Amino acid sequence: MILPVILWTDALIFLLVAIVTVFALYARGKPHLRAPWRHVMCSRLGSPALVVLSAYVFIGLLDSLHYRPALENSDDSAQTHYAVEVLSVLDTLVGPLRTQTEKTYSAPFATHLYSRETVRHPDGSQTREYPRLEYGGRHLENPAADARADILQRSSVALMQALVASLAVLLLITLWQARRRRQVFTSTLQDILALRTTVPWLIFWITLSVLLLLTFLAINLSTVYHVFGTDKVGQDVFYQTLKSIRTGLIIGTLTTLVMLPFAIFLGILAGYARGWIDDVIQYIYTTLNSIPGVLLIAAAILMLQVYMANHPELFETTLERADIRLLFLCIILGITSWTGLCRLLRGEALKLREAEYIQAATAFGVRHSKIISRHILPNVMHIVLITVVLDFSGLVLAEAVLSYVGVGVDPTTNSWGNMINSARLEMAREPVVWWSLLSAFLFMFTLVLAANLFSDAVRDAFDPRLRQR
Amino acid sequence: MKQPLLKLDKLSVRIGTGPRAIRPVDDVSFTINKGETYALLGESGCGKSMTALSIMRLLPQPHGQISAGQISLEGTDLTALPEVEMRQVRGRRIAMIFQEPMTSLNPVLTIGNQIGEMLRQHQQVKGSQARNRVLELLDAVGIPDVRRRYSEYPHQLSGGMKQRVMIAIALAGEPDLLIADEPTTALDVTIQAQVLDLLRQLQRDTHMAILLITHDLGIVAGMADHVAVMYAGQLVEEASRDRFFADARHPYSQRLFESLPNIGKRDHALKTIPGFVPVLDRDFTGCHFAERCDQAWDYCRTQAPAWDITTDHHHVRCHLEDRNINPPARTVKEEAATPHAAVASETGTSLLSVRDLKVHFPIQKGVFKRTVGQVYAVDGVSLDIPAGHTQALVGESGCGKTTVGKGILQLIRPTAGSVQFDNSELTRLSGKRLRRRRTDFQFIFQDPYSSMNPRMRVGDIVEEGMIAQVIGNNRQERRARVNELFAQVGLSTEHASRYPHEFSGGQRQRICIARALAVNPRLIICDEPTSALDISVQAQILNLLKQLQNELGLSYLFITHNLSVVSYLADRVAVMYLGRIVEEGPVASVLENPLHPYTRALLSAVPQIEPDTQREIIRLEGDIPSPANPPGGCHFHPRCPSAMPGCRESYPAESGDAGHRVRCFLYN
Amino acid sequence: MFAYIVRRVAYALPILIGVNLLTFYLFFVVNSPDDMARLHLGVKRVTPEAIDKWKAERGYDKPLVFNATETGIGRISETIFFEKSLKLFAFNFGHSDDGRDISHDIAQRMVPSLAIAIPSLVVGLLINITFAMLLAFFRGTYVDISGVILCVVLMSISAMFYIIGGQFLLGKLLRLMPISGYDIGLDAIKFLVLPVIIGVVSGIGSSSRLYRSFFLEEAGKDFIRTARAKGLKESRVLFRHLLSNAMIPIVTGVVVVLPLLFMGSLLLESFFAIPGLGSYTIDAINRQDFAIVRAMVFLGSVLYIVGLILVDITYTIVDPRVRLS
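For the protein sequence lines, the chains are C, D and A, in the order given.
Note that this note's numbering has the first sequence beginning at 1, numbered continuously upward.
Note that this note's numbering has the second sequence beginning at 1001, numbered continuously upward.
Note that this note's numbering has the third sequence beginning at 2001, numbered continuously upward.
Just chain C, with the same shape it has in the complex (with noise of 0.2 Å):
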């Protein structure tokens, strides 16, 4: 009934998604790789920031799942005919949030647009007022009267059902902790309430019913309101914020999926080499840092501007092109941050294989090939790890400034920044169009700010030199 669509980031999002998998299938068998990240699960800041980044990956992978569904059939040919239009599980399940559109700016909540129309009245007179909005408070007789208690009855509801699931969710952690610990469920449950545990699993839990709370209040609001408005042309921004939680997760993770090969094996080829190698591949990346960054990403992806203007004819449809843009940004933005990591690979290559160990398998005939596989990899995987993890938020980052300078994601892409170059023009209008900004702002700290905690965590747990203090 649907045909599947894999877009080329989709496809990489997987791979990575793979990757991951596997690698925590791997660490589950080696004490000294599960430590570290059970460090990162008992720190207090780490743990929600994990739930929550949880969350947003969640929400990214739904809108990853591509495909475009079937036509209602007119005749009985067995081929079925499929829409032009590519939705994602994420469309789906946010149904009419996609499609209830109003003609143009209204702000959160609202129940009239944003601006006067000239209404035509059936007695032929006109006037110039705030018309009903299409969709949002459609529901309401009198709105001007109605819409608070409605809101607030709302939100109680949302409100009681986040409370019973986040009870729900204490009772399963509990229920578990107990078996696992072999205590009785009361004393499970109130060292979980004092903090006692090595997990913190109070803060896991408050986290997640801040979550579940905000999830049963968008569930309830949204349906029958524009929570964060609309936009110019009517959209609602809810829903476009959402959408651009996969957009700033691809620039974020893609982008070091990207660049990650060349930095570990230029980099440790450097410092185990040394020589004229390294001086090549010091050459290179010197070379490559010393051109600004916004410059050659600028440069690069208004050649890729040209080549798409005169080769239209391989896109078969704008989110193709759009995707390809957003790869080919990713591509770029890899290329020019590959070379700070590989500068500290280099160095600690360089470090390692005057280390004892390194001599000592060399003293029994250990082959190069095997020495960078079994001894310098697993001892520089921390640093690539540190470094993959402080780059996101950075990356998330630049989107958005990026976007800015007309050199970011296609202008047709959901993304914050678009929604941030768009919105900014509005900040002239008496009275401002706040709400665009606001959403932005609101999902893109949230991302970042765990992000950030997140980083800080995996560096404590993972750098060395940190953990002997």
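Since the hints were derived computationally from the structure, they do not count as laboratory data.
All values derive from a computational prediction rather than experimental measurement.
Any given hint might turn out to be false.
As the list claims (entries may be wrong) - No farther apart than 27 Å at their CA atoms in a straight line, the calculated lysine-lysine pairs in the BS3-like style are these: (1) K370/C with K1432/D; (2) K351/C with K2221/A; (3) K2087/A with K2062/A; (4) K2233/A with K1007/D; (5) K1358/D with K351/C.
Dock chains D and A against chain C, hints included.
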């Protein structure tokens, strides 16, 4: 007559909180009198440094704190002093010098500045007056060319010079007490002798008391008036030096003496203390030493012995000393010391023959890496090691002894010379043929902590060499061999699935030995294998090495700076100075009848525990020159007490009979 | 010293050649001048004649690297590579695609860029170092922990929100200063205050945290213990011993970006409509003016390399351990 200066009363220190807090100092009491040297002796991790830091109230913050007890300095309780007043004590009343002179000075301030700072702080001396005083102090600690040194930075000084500067800083406050925390551990033997001399002389001149913290019984014997032995956070014995060295009462002190290697013990296994110093993160129920004590019985494990049992000012913390307690009759286990087999016959065929080995490192400068000079790390070394023999290579740091070892194994490619192993020329082998050959010779590194990949299980570490050398047909066979090896070096087979960080230093060195043995080598080059270990653990490793030699007929090239280890273990010894062997011969001959002035100085500089007043002590002046720019003629002549005009002209040729060679004009 | 600098500059040359070749490849080989012409002219006006005219006006009608129709030196010099790439080495940036003299523009726009960048840098440094020292002094206490969390929060906010928020709050609501614009001479100050404030505030989070880590790194060293053992006052330990060492990474980190200050800030200048090099670059990107982008790429690389050389020189001045050969 003896006036007490510093009195510690039941001092306890905690680092961290909660049940897993470290208790590095536990119920320590002692008194230091004015003008005397009080030595605190113990192995690493016993709490010596923490005791010192708590006296200074410089415990690591924010976790370290004095949890009980008093420290009184002439009646003032330091633990109760406000921080402002404590600052008047630090530097002014009590000064401290540290183990690592390399890192203890501020790298971006000049020497003069760092000493002058003390004068400003405590003596209110400023300007040219301060400058003159600093120059005086520098002169007093024996730094040559004081005016130039005044405006130099720490990195421009050698390690010994830096420690002298640290001492000058301490002296600037004219303290009543100097705490010296392992002041010479990071220094070479000849430099150590200089610094210890300086401390003795300064004490004579200024009458300050010294709290000397060390692990070296020899230093204690040469320096101390009083000795306290510290074990696992507690003092276990305290006595005057003479009494202690004549009649050590605590089993731990006794074992320490017995585990020291020397030439007289050559034919026996050394007595050892089993196990290692416990981690101090728990409360002990009985005696802290009970786990490792061969005289302990059940009572020791449940009842902690008291400290106040004294006989004639001799404190011992042991139930054996308590007349009210009757120990069970001891079934004296005769030491199952396998007397070591007589040394292999002198006329073995040479397994390893090194001729005129040279390893030079180019000094490259500038962005285009022009070679502007050479470091002559090894400059013409010849050695022969017969099968089943132990050749020792001794010398101070920077003399190139480790480079010789790595050059022989082709871990560093020699610049010139030949290395014949079992009649094949190693310097001409490369690639796969060299890798195949590596099964015959192995290396054991100095630092057991850094010579194992922290991310591999020790079983895999040991197995790695077997895989590379295709020993054992499959995993089962190799695993069986790993288990066998573990048993051979005294580890249990279940250790194989653990990671290196789970082991103590001594255990790690055992694993490294197992790893080397895994490929059935005939020669093992041991690079200071025991210098990172405590005395009691060192004895365990030396025993193991000797036992393996007897069982497997191994040859060793034993690289070390520790002459007592040489005297215990080696058949022949070569002494290196600046890249060349200056003297070589049988151990007994070289150590008892040294010919080269350097060898003589080196031997005399080693602190001895026997109060041998007859010993002629030769003090070497100055530092070891850089191997990048060795002095012309005989490299040793600038420091040599018996240098002659000819020594400046050319390097002496080899002389002496085949058994005992020396390169010195005195014997030409 | 002089010989050393000469050597470093000589070493930088291959890097500039690399940058030059890379930009040449990107701009003229991956995409032909015809492509650029088409993009600029728009779909409607594309005729072969229009393209040729567009190229001829801008000197893109020459062969790429070798001109067979010329003789002598002209075979090399009458090419796009020589005209558009090699001449950059003489800082001859040529004309933009709409005919303006790029060198002149750069010289003129440098001043406003520096007028924002230098005050932001100086004020920012003072604030960040003070804040970082405060946190280092209170290390391990709640002051430190909440300070670090504040830093993380501050650095999680996109620079664009600082600008928009600042403009909205200080400019629009409180009407303390103009939202955007620029004037010549001293009148510029009132336009510069807001961008400088925002420039400083947006950098506090990441810089203070970094500097704090420098301080803590040094605070754990042995010589600090020596200084305390001397009985020095905590303030002296902090300022004389700790700061003098922690300043080395801070100073070198600042020196490396000093030359790049000329390039201006892309975001600040364009949001505040300040006619600096940053907004110049953004305008060029938006107008797809390849000549200016090329010039700025080259200029940026030169400045970056100058920064690297300056750092090496700075090390020899501030760190006695690093000596010139």
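These are the hints, each one checked on the structure:
no.	hint	result
1	K370/C with K1432/D	14 Å, holds
2	K351/C with K2221/A	21 Å, holds
3	K2087/A with K2062/A	15 Å, holds
4	K2233/A with K1007/D	26 Å, holds
5	K1358/D with K351/C	25 Å, holds
Of the numbered hints listed earlier, not one is contradicted by the structure.
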